[in-house]
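Residue numbers (our numbering), protein chains in the order written: chain L, 1 to 72; chain X, 1 to 72; chain B, 1 to 72; chain E, 1 to 72; chain V, 1 to 72; chain A, 1 to 72.
Please note that the accuracy of each hint is not assured.
Same chains, same names: a pair is fine if it fits in one copy or spans any two.
As the list claims (entries may be wrong) - Heads up, simulated DMTMM-like pairs for lysine to aspartate or glutamate below, C-alpha to C-alpha not over 20 Å straight-line:
| id | residue 1 | residue 2 |
| --- | --- | --- |
| 1 | Lys72 | Glu11 |
| 2 | Lys5 | Glu48 |
| 3 | Lys5 | Glu46 |
| 4 | Lys72 | Asp36 |
| 5 | Lys71 | Asp36 |
None of these hints come from the bench; they were simulated from the model.
Protein chains: 6
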Amino acid sequence: MPYVKLELTREGVTREQKQQLISGITNLITDVLNKDPHLTHVVIQEIELDDWGYAGEQVSVLREKGITADKK
Amino acid sequence: MPYVKLELTREGVTREQKQQLISGITNLITDVLNKDPHLTHVVIQEIELDDWGYAGEQVSVLREKGITADKK
Amino acid sequence: MPYVKLELTREGVTREQKQQLISGITNLITDVLNKDPHLTHVVIQEIELDDWGYAGEQVSVLREKGITADKK
Amino acid sequence: MPYVKLELTREGVTREQKQQLISGITNLITDVLNKDPHLTHVVIQEIELDDWGYAGEQVSVLREKGITADKK
Amino acid sequence: MPYVKLELTREGVTREQKQQLISGITNLITDVLNKDPHLTHVVIQEIELDDWGYAGEQVSVLREKGITADKK
Amino acid sequence: MPYVKLELTREGVTREQKQQLISGITNLITDVLNKDPHLTHVVIQEIELDDWGYAGEQVSVLREKGITADKK
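Bound-form chain L, shown alone (with noise of 0.2 Å):
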């Protein structure tokens, strides 16, 4: 019975890439524990950039200066 959130910060995410993400999560936890994927629940919550805080700081203010979250 695997339930799975997954907040990510509302950057453009496309539904095929939440296609993608559930998909991959819902395969893996299948090939990892052996679960029928029926039982399987995959949320995404987009939460906005003035709503995340890191390091302190609203990521509306961080994307301002510049600094993404992309890998390098």
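Fit chains X, B, E, V and A to the known structure of chain L by using the hints.
Just chains X, B, E, V and A, lined up with the frame of chain L:
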């Protein structure tokens, strides 16, 4: 001290239905656990259909295929 | 697609009470929203009294002072 | 590795207030637990008044009755 | 800024399986969203079988009846 | 109506530190948002080191390598 979070797909839940869920859950907790209702908070969160995955697929895709969550 | 999280202070909730909460919430959702119960998951999480704060105080401290959460 | 979720009713919280909450919580955790702030994430989630139930009633109904959450 | 919560019934998940879930989810998010993995936190929470309800019944009861969550 | 969930790795947080976190967060919310503290609940959840993943690795593994979360 109960706190309840209820996550639902966003599919036309009305204000009256939300009130029924809130009062029903609060009353249930009062009846079963004898809790003062002034200590019970219930939060409803509606989730877009693209953001809920079931069995590895977005609910929006399931709905397009005519698959519902209705009780038969 | 409902998912419910119920957080409670750990104060002697029995297995039977948990079952009453689970079936009561699931039935309520089925009645109000006409959802297939096979899509409803309910998770109960008991929280230690040192770990729940109310009005700025640990519930363990409130209980030591004789303050309960019981319905009057 | 702290993660903090702060759920509030949506009642006009400003960007500046959010920043005060984010920096205040992050600093508190750093002070009390000596945690590197780069490992602390704070997420604020505003909840519509119809979606928050207190003592079995929607907060929107409580507000219509003139009942506020203000400190006296 | 991704945060992931993975809730599972407590049924013998090993440390190695947890590591596979953590690295698998983190890699998936990096691949799909190009996120710096140093900003991704994954939290696993195991839930006792009495505390998870499915279709209105405790999972502990379902397991006693021989009903598993295994993939067929 | 604020509800706060604070997730921390389980690494020797004392009862007194928990009380400082609970009163500090509650006071902050009262100061910034003018909320009645009797409507603020704070829940602390400690997570085992095997169950928290950072940058794709279990925190238990990071700690074995001598990597801490301490502020420098």
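> Checking lysine 5 and glutamate 48: alpha-carbon separation at most 20 Å within a copy, between copies, both or neither?
Replying inline: This pair counts as both: shortest intra-copy Cα distance 16 Å, inter-copy 14 Å.
> How do lysine 72 and aspartate 36 come out at 20 Å by Cα distance, when the copy is not named: within, between, both, or neither?
Replying inline: For lysine 72 and aspartate 36, the Cα distance is within 20 Å only across copies (7 Å; inside one copy 36 Å).
> Between the shortest in-copy and the shortest cross-copy C-alpha distance, which are at most 20 Å for lysine 5 and glutamate 46: within, between, both, or neither?
Replying inline: both (11 Å within a copy, 13 Å between copies)
> At most 20 Å between C-alpha atoms: does lysine 72 with glutamate 11 qualify within a copy, between copies, both, or neither?
Replying inline: Result: close within a single copy only, 17 Å intra versus 31 Å inter.
>> If the cut is 20 Å between Cα atoms, do lysine 71 and aspartate 36 qualify within a copy, between copies, both or neither?
In response: between (33 Å within a copy, 4 Å between copies)
Consistency note: the structure conflicts with none of the earlier hints.
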